[in-house]
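Each number in our numbering comes from the position in the sequence shown (counting from 1) with 11 added on.
Derived by calculation from the structure, the hints in this document are not laboratory data. What you are looking at is a predicted structure, and each value in this text was computed from that prediction instead of being measured. Cβ atoms here follow ideal geometry from the backbone N, Cα and C, with glycine treated the same way. Some hints could be false.
Estimated spans, in silico, between C-beta atoms of each pair [said to hold, decoys possible]: (1) His39 to Tyr212: 33 to 39 Å; (2) Arg211 to Met109: 31 to 37 Å; (3) Ala175 to Gly98: 24 to 30 Å; (4) Ile61 to Arg211: 44 to 50 Å.
Straight-line alpha carbon distances no greater than 27 Å define the calculated BS3-like cross-link-like pairs of lysine-lysine that follow [unchecked claim]: (5) Lys204 to Lys136; (6) Lys136 to Lys324; (7) Lys204 to Lys80.
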Amino acid sequence: MKSLLQFCKDWMLPIAITIGVCLYLVYHYTPALYPVGPICHQIVAKGQQIFIGIMLFLQFVKVAPTEVKVKRWHILLLLFQALTFVGLALIAVYVRSMEAKILLESAMLCLICPTASASGVITDKLGGNISENMTYVALINAMGTFLIPAIVPLVHPSDIGFWANVWIIARRIFPMLLLPCFGAWFVRYAFPKLHGWLSRYTWWAFYLWSIGLIFAMILATRALVLSGLSWIVVSLIGIITFACCFIQFACGHLIGRRYSEVTRITAGQALGQKNTGFLIWLAYSFLTPVTAIAGGLYSIAHNLVNSWELYQKRIS
Numbered sequence: 012m013k014s015l016l017q018f019c020k021d022w023m024l025p026i027a028i029t030i031g032v033c034l035y036l037v038y039h040y041t042p043a044l045y046p047v048g049p050i051c052h053q054i055v056a057k058g059q060q061i062f063i064g065i066m067l068f069l070q071f072v073k074v075a076p077t078e079v080k081v082k083r084w085h086i087l088l089l090l091f092q093a094l095t096f097v098g099l100a101l102i103a104v105y106v107r108s109m110e111a112k113i114l115l116e117s118a119m120l121c122l123i124c125p126t127a128s129a130s131g132v133i134t135d136k137l138g139g140n141i142s143e144n145m146t147y148v149a150l151i152n153a154m155g156t157f158l159i160p161a162i163v164p165l166v167h168p169s170d171i172g173f174w175a176n177v178w179i180i181a182r183r184i185f186p187m188l189l190l191p192c193f194g195a196w197f198v199r200y201a202f203p204k205l206h207g208w209l210s211r212y213t214w215w216a217f218y219l220w221s222i223g224l225i226f227a228m229i230l231a232t233r234a235l236v237l238s239g240l241s242w243i244v245v246s247l248i249g250i251i252t253f254a255c256c257f258i259q260f261a262c263g264h265l266i267g268r269r270y271s272e273v274t275r276i277t278a279g280q281a282l283g284q285k286n287t288g289f290l291i292w293l294a295y296s297f298l299t300p301v302t303a304i305a306g307g308l309y310s311i312a313h314n315l316v317n318s319w320e321l322y323q324k325r326i327s
């Protein structure tokens with residue numbers, strides 16, 4: 012029993028990925044379960060948000076306001092995401108093939124998508140700097156809130172104005188980010204004893220992330236199965252998505268290595284680990300809806316990378 016528990020602990024993320032995929036496939040291929048589908052979908056979507064909120068709160072418990080500082084590598088990562096996103100958007104403007112446009116949009120989404128709110132969990136486990144990671148989470152969300160509405164209309168013209176789109180994105184991003192942050196900082200200064208107790212249990216965030224990952228994989232598998240695309244197009248989107256994932260982890264490590272080993276780990280997670288739920292929502296809301304499957308595939312890709320990194324950390 013002890014060895015089984017240790018195995019589950021060591022391979023928590025791959026197990027969560029497998030459980031999430033299997034749960035949706037069992038539902039999809041069992042007609043008797045269809046009536047409960049809409050209710051389960053709402054539970055999964057809301058449950059994921061709740062777990063992300065709790066994880067963020069536990070991460071911010073470890074981060075003092077004075078530790079939130081913008082570093083030079085933050086600016087380099089922001090430039091990487093902005094320039095690659097804008098560059099692909101300018102190419103997509105002149106592309107007439109729908110299949111090629113879908114592939115370009117998929118890459119755009121993978122490159123501009125903000126860092127996962129729970130990325131600090133893995134960053135902390137790998138030995139990175141959680142406060143610098145959370146600073147980048149805030150920075151990339153702020154940049155994306157303004158850059159996406161400015162650039163996306165070039166690819167997909169819309170009657171909705173720039174500021175209306177900014178509000179749509181900000182309304183989705185910032186309550187989930189700011190409420191846990193200010194809640195944790197309020198506890199830090201108003202209830203120091205409670206803060207001290209919570210500080211001893213912030214490792215719970217990793218297990219909460221595993222449960223949240225099951226929910227994320229259910230939603231990702233749903234987006235993939237319901238996309239209606241041919242397997243050829245899905246395969247091409249998969250190649251683009253996995254390439255974007257590996258390139259961003261590699262570039263993050265390359266940029267961070269210039270400063271320190273801790274920064275290498277932190278920058279790699281900040282650039283490579285994405286908020287795939289937000290990516291899927293962006294696809295449905297602003298670009299060609301079928302590109303939402305890039306979010307599902309990216310969720311698999313970055314969690315496979317996370318699993319490998321955690322394995323390397325254990326055996327080193």
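Okay, the hints, checked on the actual structure:
1. His39 to Tyr212: 33 to 39 Å: With Cβ atoms ~37 Å apart, the hint holds.
2. Arg211 to Met109: 31 to 37 Å: Given range 31 to 37 Å: violated, Cβ gap about 54 Å.
3. Ala175 to Gly98: 24 to 30 Å: 26 Å, holds
4. Ile61 to Arg211: 44 to 50 Å: 22 Å, violated
5. Lys204 to Lys136: With a Cα-Cα distance of about 25 Å, the restraint between Lys204 and Lys136 holds, given a limit of 27 Å.
6. Lys136 to Lys324: 9 Å, holds
7. Lys204 to Lys80: The given pair, whose Cα atoms are some 26 Å apart, holds under the 27 Å limit.
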